[in-house]
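S.K.: Residues per chain are reported as follows:
Protein chains: 2
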Amino acid sequence: MPKITRRLSAIPLKNVAITDGFWKERLETNRTAIIPAEHKQCKETGRLDVWSWKPGMPNEPHIYWDSDVAKWIEAVAYARYDQPDPEAEAQVDEYVESMRRGQAPDGYCNSHYILVEPEMRWTDLRNCHELYCAGHFIEAAVAYHQATGKDALLNIMLRYVDCIAAKFGTGEGQLRGIPGHPEIELALVKLYRHTGDPKHLALAGYFVNERGSKPYWWDVETEAWKARGGYRGWSWAPEYSQSEAPARELSVVRGHAVRAMYFYSAMADIAAESGDAALLEACNRLWDDLTRHKLYVTGGIGSSRANEGFTDPYDLPNETAYSETCAAIGLVFWARRLLAITPDRRYADLIELALYNAIMSGVSLDGVKFFYDNPLASAGKHTRQPWFGCSCCPTNVGRLLAALPQYIADKSDDGIWIHQYMTSRVEAEIDGATVFIFQKTEYPRASEIDFIVTPTAPVKFTLRLRVPAWANNQTLSINNKPAPCEPDTAGYISITREWVSGDTVKLTLPLTPRYVHARPEVGYDAGRAVLMRGPVVYCVEEADNGKNLAGVVLPEISEWRECGTSLPTCPSFKHFTLLETDAARAPVPCDSDAPLYSSAPQPLAPKKLRAIPYALWDNRGVGEMRVWMLV
Amino acid sequence: MPKITRRLSAIPLKNVAITDGFWKERLETNRTAIIPAEHKQCKETGRLDVWSWKPGMPNEPHIYWDSDVAKWIEAVAYARYDQPDPEAEAQVDEYVESMRRGQAPDGYCNSHYILVEPEMRWTDLRNCHELYCAGHFIEAAVAYHQATGKDALLNIMLRYVDCIAAKFGTGEGQLRGIPGHPEIELALVKLYRHTGDPKHLALAGYFVNERGSKPYWWDVETEAWKARGGYRGWSWAPEYSQSEAPARELSVVRGHAVRAMYFYSAMADIAAESGDAALLEACNRLWDDLTRHKLYVTGGIGSSRANEGFTDPYDLPNETAYSETCAAIGLVFWARRLLAITPDRRYADLIELALYNAIMSGVSLDGVKFFYDNPLASAGKHTRQPWFGCSCCPTNVGRLLAALPQYIADKSDDGIWIHQYMTSRVEAEIDGATVFIFQKTEYPRASEIDFIVTPTAPVKFTLRLRVPAWANNQTLSINNKPAPCEPDTAGYISITREWVSGDTVKLTLPLTPRYVHARPEVGYDAGRAVLMRGPVVYCVEEADNGKNLAGVVLPEISEWRECGTSLPTCPSFKHFTLLETDAARAPVPCDSDAPLYSSAPQPLAPKKLRAIPYALWDNRGVGEMRVWMLV
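As you go down the protein sequences, you meet chains A and B in turn.
The opening residue of the first sequence carries number 1 in the numbering used here; numbering runs sequentially from there.
The opening residue of the second sequence carries number 1 in the numbering used here; numbering runs sequentially from there.
Mixed in with the good hints there might be a few duds.
Which copy? The list can't say, so a pair holds if one copy fits it or any two copies do.
Lysine to aspartate or glutamate pairs mimicking EDC-like chemistry, simulated, CA-CA at most 16 Å apart [what the hints assert, rightly or not]:
#	residue 1	residue 2
1	Lys199	Glu486
2	Lys547	Asp312
3	Lys460	Glu429
4	Lys24	Asp593
5	Lys574	Glu562
6	Lys481	Glu117
FYI, nobody ran anything at the bench for these hints, they're computed from the structure.
Using the sequences provided together with the hints, build the complete structure.
M.R.: See below:
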């Protein structure tokens with residue numbers, strides 16, 4: 001097979017910033033509420049004081065606690081590009097110093113196993129998140145070093161990675177182990193890209209390539225446990241952790257959704273670094289399976305609570321949709337990597353869809369409450385929580401938001417690709433000139449996206465602008481003159497010219513409400529439709545529309561009108577368009593003593609309906625919510 | 001509060017028989033397939049050989065195994081009225097003899113605790129089904145003694161009951177324990193009715209009255225476990241086992257559905273025996289809550305797999321409906337008891353509904369495969385199994401079917417009540433005459449129900465015939481002359497006359513297809529309807545209609561036509577009317593590479609649709625099935 005290459009390269013976070021609008025506000029909330037909330041919870045639960053824990057004390061370090069701290073540190077690091085926060089940085093430095101003192105002489109550095117079960121290191125890779133925690137701390141170490149120049153955490157993790165590399169591999173005396181929860185693979189590629197040291201890429205490659213080989217590591221581990229006594233049992237098949245077959249043979253999305261996304265991300269990383277087309281082809285097969293059969297209309301994935309993951313094609317229940325926040329974040333990680341290898345709007349469209357819907361629903365507007373699972377319908381009990389026993393989602397939201405600017409644009413050999421539309425500043429070097437691209441837009445509330453291109457000297461390059469698949473009738477003008485705006489097969493408009501300072505580009509993506517229908521195989525959505533406008537999925541909520549929303553029948557799409565951007569009780573809706581209609585119909589309420597079932601059909605009466613963006617539900621008190629409505 | 005009395009008394013099983021038709025065929029299947037399958041499974045799994053088990057041998061007696069054997073014995077006993085089966089009886093006698101030898105000197109007789117954990121008797125009533133197993137063996141002992149006259153099992157259980165009565169109660173030195181899974185309460189009332197010994201009723205009363213009192217027995221037990229070490233934890237609240245409050249204060253149906261039904265049945269029993277109106281009022285409140293908020297259209301109950309039981313009002317999902325076969329059977333037990341206290345068609349209607357739908361779906365036509373849970377929609381994977389690790393449902397179906405004749409009729413002071421319509425013979429003593437009522441009908445395939453009343457001498461009494469709540473335009477003739485047929489407030493037609501041998505009565509209940517709709521609060525059924533005909537719920541199945549049934553839209557009700565009673569591949573449908581229409585509409589199939597979601601609505605095309613009785617699905621290969629259809 002011919003080698004593949006990565007066509008796009010990332011613009012470093014220091015050279016890109018979100019400067020206004022909804023996402024700027026979310027980043028502010030992240031810095032002032034979400035990240036501090038993570039710190040508070042990590043402190044209160046004992047996660048930040050693990051290294052001074054001693055047997056008999058409360059808050060015994062748990063197997064996955066390190067990962068929460070690591071994700072908080074990673075978020076602090078990224079947020080620093082937006083605005084330095086000396087207090088947060090001091091908190092990180094204090095933790096890192098305690099970690100440095102706690103690190104084992106051989107470099108090993110997992111708090112649970114050093115302090116609680118020192119004799120059990122590396123005995124339960126399947127269940128105990130040891131390599132997973134290492135992965136998150138590798139990501140945090142790279143991010144914190146890049147953002148602050150401080151190398152204490154990086155040095156800890158370089159020693160720990162050496163310890164891991166000595167332990168695991170195909171060499172004599174090494175364990176052929178793999179992590180139950182992938183994460184360290186993509187982290188090691190990040191580390192390699194930061195250090196340039198091929199041993200880091202080699203270790204990542206080992207973990208990716210070893211997965212799915214036989215004998216299964218899980219069986220080796222199980223035998224050892226049984227021989228040692230104390231085996232705890234395990235009810236999952238290898239597919240739960242994407243280890244049913246070697247990576248290059250995978251073609252069906254299976255198992256735990258977050259594990260899947262982290263592993264597929266690493267597959268894309270290794271493909272990009274090694275040029276291995278077989279790995280990319282496996283990614284493409286998995287992508288097709290996911291997006292054709294197992295994707296919620298919100299961009300959420302993993303429909304089942306039982307395995308926190310995937311089930312059968314088209315099995316997408318709404319009320320019980322698991323759609324874990326972390327899984328949608330993992331999907332964004334994976335899509336980002338595939339986009340860089342094979343630029344195509346399908347990846348950027350899905351990133352946008354997940355960001356505006358499945359992921360942003362995961363955090364309250366005030367930034368201190370979180371959904372772990374994101375159902376698409378609620379009878380009125382589901383509500384966000386401040387924290388979870390297994391609290392992966394809040395810290396994942398924090399680090400994703402802080403790093404959000406890096407999703408806006410990429411560089412290619414011939415220019416700049418704009419993937420996401422948000423008011424921002426992108427800075428890139430092209431042929432010796434520094435090019436600033438200032439983007440200004442109220443998208444997706446408004447249709448117009450304005451760019452000012454400002455090179456330090458005139459320079460020829462191609463500026464590419466994504467036209468989302470849902471868009472039509474888009475228009476483009478350059479320096480106020482209409483310009484061709486047909487996207488290429490990748491879904492991007494290409495503008496090649498010699499750019500001079502002050503050139504302007506205006507892209508207009510008309511935003512009108514539309515209904516979206518599912519394939520007939522999706523039984524749960526039969527007879528129903530979703531209201532969308534641009535990338536935003538709408539829902540109806542009890543706060544606006546009362547109860548018994550499942551029986552409400554949508555009107556013709558033309559009956560919807562835009563009705564402003566704010567609600568008295570919740571001013572933060574301002575970045576989105578609210579939609580209203582008087583032409584919906586709803587069952588007339590029953591007498592309270594009417595029977596549960598009756599031969600008389602429920603009569604329908606006209607109903608005024610207000611729809612709000614799905615991601616903003618549950619910000620005005622707990623109540624019913626529904627995405628898919630009868631048509 | 002004034003005392004209440006039980007208005008109806010049961011006709012002994014020996015005096016009533018089902019003689020032809022669907023139920024006769026089911027009883028034959030029960031005798032020749034279901035009961036032998038139970039025996040085979042009990043034998044193969046070691047359940048029948050528990051009493052010769054010794055430590056180190058395979059098939060260690062499990063805590064609930066005794067109950068399966070007991071229910072098999074109970075079924076053998078009832079089936080004997082229909083046709084003696086010396087082989088089955090010999091199997092029972094052999095088991096009973098092994099049990100007699102195994103019984104402890106003090107009368108204690110639970111196989112698990114005698115053989116596996118002799119020191120742990122009565123330490124874990126919450127989890128370990130000790131009193132539950134005793135209850136089932138009490139029921140079996142009474143049934144087997146009544147049917148065969150053999151008293152070996154009864155004597156074992158009388159000694160065991162004495163042992164239990166010595167251990168539990170409010171007296172000094174007694175444990176104030178109650179069972180985690182109710183069952184012994186109703187069994188002890190059966191025993192009392194058989195022995196006439198008030199101590200048996202008193203013990204039943206103790207268990208009913210003690211439940212819900214504080215301190216909760218669960219807390220007492222938990223403390224003892226913690227003191228002793230080895231506490232296993234428990235995630236259920238007291239309501240899981242209906243112990244959140246004393247019986248007379250209950251008003252909301254909560255927790256594990258089978259536990260609830262068995263306990264409510266005992267509440268009705270104690271109310272009937274003691275005249276305690278407060279217990280009956282609690283039953284009435286619970287009945288209203290159940291039937292108004294928590295009942296499937298099939299008569300199934302308990303919507304959630306998580307607790308095998310009840311959740312919130314109107315939370316009735318279809319695909320994940322738990323609707324355990326045993327729970328619907330328990331509902332029939334409870335309804336039967338309430339019907340005898342307060343004759344009203346609401347109880348007999350629900351018994352009929354559950355029998356034809358939620359319960360009969362629990363067993364295959366060939367009698368050797370069973371559903372534990374009975375969903376109302378399937379994407380194509382749910383299929384009956386020969387047995388289950390916890391195999392309560394198959395043995396419950398067996399004993400229910402074998403005892404089915406006793407649901408047909410009751411006696412009151414002034415005559416005979418006919419509750420259920422099936423070809424049968426009922427024999428009762430009235431004022432010194434022996435009255436036979438021969439019923440002949442193909443109901444619910446056909447509308448006509450014929451009775452021949454044959455007293456040994458002319459005798460005046462009132463014959464009451466139930467008019468189901470769904471019926472209209474019913475007609476009645478007596479000796480071929482039209483007669484008034486308006487039901488009374490209880491829903492029964494009363495015919496009072498001096499009956500002479502050969503008097504005939506013909507009741508006609510016109511059976512036309514109808515749609516049934518749920519209240520708008522039932523979100524899962526919004527925009528959908530169920531096709532019914534008489535008491536029979538219909539479904540559409542992949543075998544007749546292909547896939548993607550969720551999107552099929554039903555036609556006007558008048559578009560349905562009866563289309564015979566048999567399918568070439570499955571002759572046993574003959575007792576039911578199949579329904580067909582050419583006027584349904586279904587989404588046109590999508591191209592396989594069409595996107596999962598699209599702005600284009602799915603076009604609908606005419607669709608021929610065949611509907612079969614819900615209870616008969618999954619008899620022609622595994623596939624899609626759906627009860628609630630779009631309208």
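S.K.: With reference to the structure, classify each hint as holding or not holding.
M.R.: So, going through the hints one by one against the coordinates:
Taking the shortest alpha-carbon separations for Lys199 and Glu486, neither the intra-copy value of 45 Å nor the inter-copy value of 90 Å comes in at or below 16 Å. For the identical chains of this complex, Lys547 and Asp312 are inter-copy neighbours only, at 15 Å across copies versus 31 Å inside a copy, given an alpha-carbon limit of 16 Å. When the C-alpha separation of Lys460 and Glu429 is checked against a cutoff of 16 Å, the pair qualifies only within one copy, where the shortest distance is 12 Å, while the shortest distance between copies is 107 Å. When the C-alpha separation of Lys24 and Asp593 is checked against a cutoff of 16 Å, the pair qualifies neither within a copy, at 51 Å, nor between copies, at 38 Å.
Taking CA atoms no more than 16 Å apart as the test, Lys574 paired with Glu562 passes inside one copy only; the shortest distance there is 13 Å, against 58 Å between copies. Taking identical chains as interchangeable, the C-alpha atoms of Lys481 and Glu117 are never at most 16 Å apart, the minima being 69 Å within one chain and 88 Å between chains.
Hints 1, 4 and 6 from the list above are not met by this structure, while the remaining hints are.
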